[in-house]
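Trainee: So the sequences go chain by chain: P and W.
Quick note on the numbering used here: the first sequence kicks off at 1 and runs consecutively.
Quick note on the numbering used here: the second sequence kicks off at 343 and runs consecutively.
Hints in this document: simulated from the structure, not taken from any laboratory.
Please read all numbers here as calculations on a predicted model, not as lab measurements.
Even glycine gets a Cβ: it sits at the ideal position worked out from N, Cα and C.
Careful, some of the hints might be misleading.
To give an idea of the interface, some chain P residues facing chain W are shown, with a C-beta separation under 7 Å as derived from the structure [what the hints assert, rightly or not]:
1. F39
2. L198
3. G271
4. L274
5. V279
Only some residues are given here: those of chain W computed to face chain P with a beta carbon under 10 Å [to be verified]:
6. H349
7. G350
8. T457
9. D505
10. G542
11. G571
12. G586
13. I587
14. V591
Footprint (simulated), chain W over chain P, 3 or more residues, beta carbon under 8 Å [to be verified]:
15. 98-111
16. 167-177
17. 305-315
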Amino acid sequence: MPEAKSKVSPSRAARFAVFLFQRVVQAIPVLILVAIGVFGLLELAEGDAVDAYLAGIGAGDAGLAAELRDRYGLGDGLGSRFLTYSTRLVQFDLGYSIAFSRDVSTVILERLPNTLLMMISAILLSASIGVILGGIAAMRKGGPLDAGITFGALILNATPGFWLGLLGIILFAVKLRWLPIGGLSTLDADYGPVRATLDVARHLVLPVFTLALTYLALYVRLMRGAMIEVGESGWVLAARARGVPERQVVLRHIGRPALLPVVTMIGLQSGTLLGGSVVIETVFSIPGLGALAFEAVSQRDLQLLAGILLAGTLLVVFVNIIVDLAYGLLDPRVRLGAGEIA
Amino acid sequence: MKWMRCHGGLIGGLVLLVIALIALCAHLIAPGDPLNMVARPLTPPFTDPRFPLGTDHLGRNILAGLVHGARVSMTVGAAAAAAAISVGILVGTLAGFSGRIIDDALMRITEAFQTVPTFLLALALVSVLGASAANVVIAIGISSWPPTARLVRAEVLRLKGADYVDAARLAGRAPLAIAFLEVLPGALQPVVALIGITVGEAILVESALAFLGLSDPNLISWGGMVANGRALLRTAPYLVVLPGIAIAVAVLAVTLSGDGLARRLGILGRR
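Extracted from the complex, chain P is given alone in its bound form (with noise of 0.2 Å):
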């Protein structure tokens, strides 16, 4: 019926609006309570922005000292403070880093292209191999090969991420020497434009699987648990008694339904797997977002770390939103917005 369905799709593309801002507006409180966190933080450390400047420049008396305070709104009481803090916030001014000479904001921008890269493929690297191997494990439940997965999952998971990251330089960089040991890309090479992308996909190679593989036990768990669960529905048994083929049984029947938490995890983990970065940007030397929150510390550069902890906060916030429309993709039972059941 055409008419019907050229009636549906303008209001679905309405509900898509409205519920896309339903999850804007829901995120805009946690948004506020992050950044009064984070005012807090400053506030707790010894020293403003001004001490640091100071020490940074490595000169600076008190007059200078109480001039800058009162330019950028530091000299006053607490609620004065907050006020200028949140004023800058809401003009996305993150403040000024001493670290690198540049606004916070420029440097976090700098650095994000690179985490992004790195935080996508590891989360659909993780999530893949985990669907597959949780899948297997399901489906051969209670056997060796079942009890070799879920074991090598328990491991993964015990096993931190630096140490796995180093092993692997250690066996794939040093010994083979199949694998650059870091960085992004080749330095001193003029690549053309195909050659200088192989050569990244290259370096990502370690520190991608690194990531993925600490992360993976989670997805493995989830999968098998949930395959194992849909197996058991009344769909499936009819499934199987209508003489649909096996395969198409566990793929369709079982395994779709079953990754619809796996794509919930995605969400849940995004953060999870961005703190992870810091520590494998730092062993792989690569110029992220999470390298860069290392680097913060290592210089006491504290605008710096709080802006990278609020621009991470507001990453985790657009994978879950984004997520949560995957989701309505998926699963046909959900419709975006009103919560209506089709």
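Dock chain W against chain P, hints included.
Mentor: For chain W alone, coordinates are given in the frame of chain P:
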């Protein structure tokens, strides 16, 4: 699989017991300061019977480091997990038992803590508070309580309407007393399932912080040992490999025994 399900908890528990004994008797097994130089630097493992696991680039006994590191990692891990679980129980009980406004406010705060990347928060807290064992415990505690809070809140909400709670209310007990003395004990059982995971996670975060140099400089820790060995990755990989194995074995033992405990209490499914 079946074998692991039955005996995983037992084996994990035994390994954990051995690690705890080693940690307790560290000064007997390896007397003296593990940070002291005792032999020729970079003695490889299994060559000198006095230093079975060799020495590092400063001639420090690696076995002594591992043994004393166990003390730091296990204490900090356990204390941090205890802190996280306590905060989680407190917030979860208050949220579940209070009225809507307090519940909403506490849950928004929980959500905020869950949205900030956990390790970034711990990193920021340690760097602001200063690198000491106590501050690492505080930082991990502050950054990893939300899962416990959510679990406890759900349980408290479930138990809130039970008859014995109504009875306590009719008997005129104060709401806080009902929440913490009547409802909470019943809500605690599922928390047991989180203990193993929380402690394991805390040990991993502690080791990662130590690896980045954010731990007490006067205490030896497994993560710090890995960081020290990093510069000699090509020539002496055992400096990195050995302490890493210690971390993985400890976390695995903690997770397995936590799992086993929860299974024995019938909290986790038999699946």
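Trainee: Against each hint, give a clear statement of whether it holds in the structure.
Mentor: Structure-based check of each hint:
1. With 7 Å as the threshold, the beta carbon of P/F39 stays out of range of chain W, its nearest partner Cβ sitting at about 12 Å, so the hint is violated.
2. Annotation: interface hint on P/L198 violated; nearest CB of chain W at approximately 26 Å, more than 7 Å.
3. Hint status for P/G271: holds, given a least beta-carbon distance of 4 Å to chain W, under 7 Å.
4. Satisfaction of the interface hint for P/L274 is found here, the shortest Cβ-Cβ separation to chain W being roughly 4 Å, below the 7 Å cut-off.
5. Annotation: P/V279 was flagged as interfacial toward chain W, and the flag holds, the nearest CB pair being 5 Å apart, inside 7 Å.
6. Of the supplied interface hints, the one on W/H349 is violated, with its beta-carbon coming no nearer than about 12 Å to a beta-carbon of chain P, more than 10 Å.
7. Proximity of W/G350 to chain P holds as hinted, the smallest CB-CB distance being about 8 Å (cut-off 10 Å).
8. Because the smallest distance between the Cβ of W/T457 and any Cβ of chain P comes to about 5 Å, under 10 Å, the interface hint for this residue holds.
9. With its C-beta approaching chain P no nearer than about 32 Å, W/D505 sits outside the 10 Å limit, and its interface hint is violated.
10. For W/G542, the suggested interface contact is upheld, since its CB lies about 7 Å from the closest CB of chain P, less than 10 Å.
11. Interface restraint check: W/G571 against chain P, minimum CB-CB distance 8 Å, threshold 10 Å, status holds.
12. With 10 Å as the threshold, the beta carbon of W/G586 comes within range of chain P, its nearest partner Cβ sitting at about 4 Å, so the hint holds.
13. Taking 10 Å as the C-beta contact cut-off toward chain P, the hint placing W/I587 at the interface holds, the least distance being around 9 Å.
14. The closest approach between the C-beta of W/V591 and any C-beta of chain P is roughly 8 Å, which is under the 10 Å cut-off, so the hint is satisfied.
15. Counting residues of the segment 98-111 of chain P whose beta carbon lies closer than 8 Å to any beta carbon of chain W gives 0, which falls short of the minimum of three for the stated coverage.
16. Residue count for the segment 167-177 of chain P with a Cβ under 8 Å from a Cβ of chain W: 4. That meets the three needed, and the coverage hint holds.
17. Note: the segment 305-315 of chain P has 6 residues with beta-carbon separation from chain W under 8 Å; the three-residue rule is met and the coverage holds.
When the structure is compared with the earlier hints, violations turn up for hints 1, 2, 6, 9, 15 and for no others.
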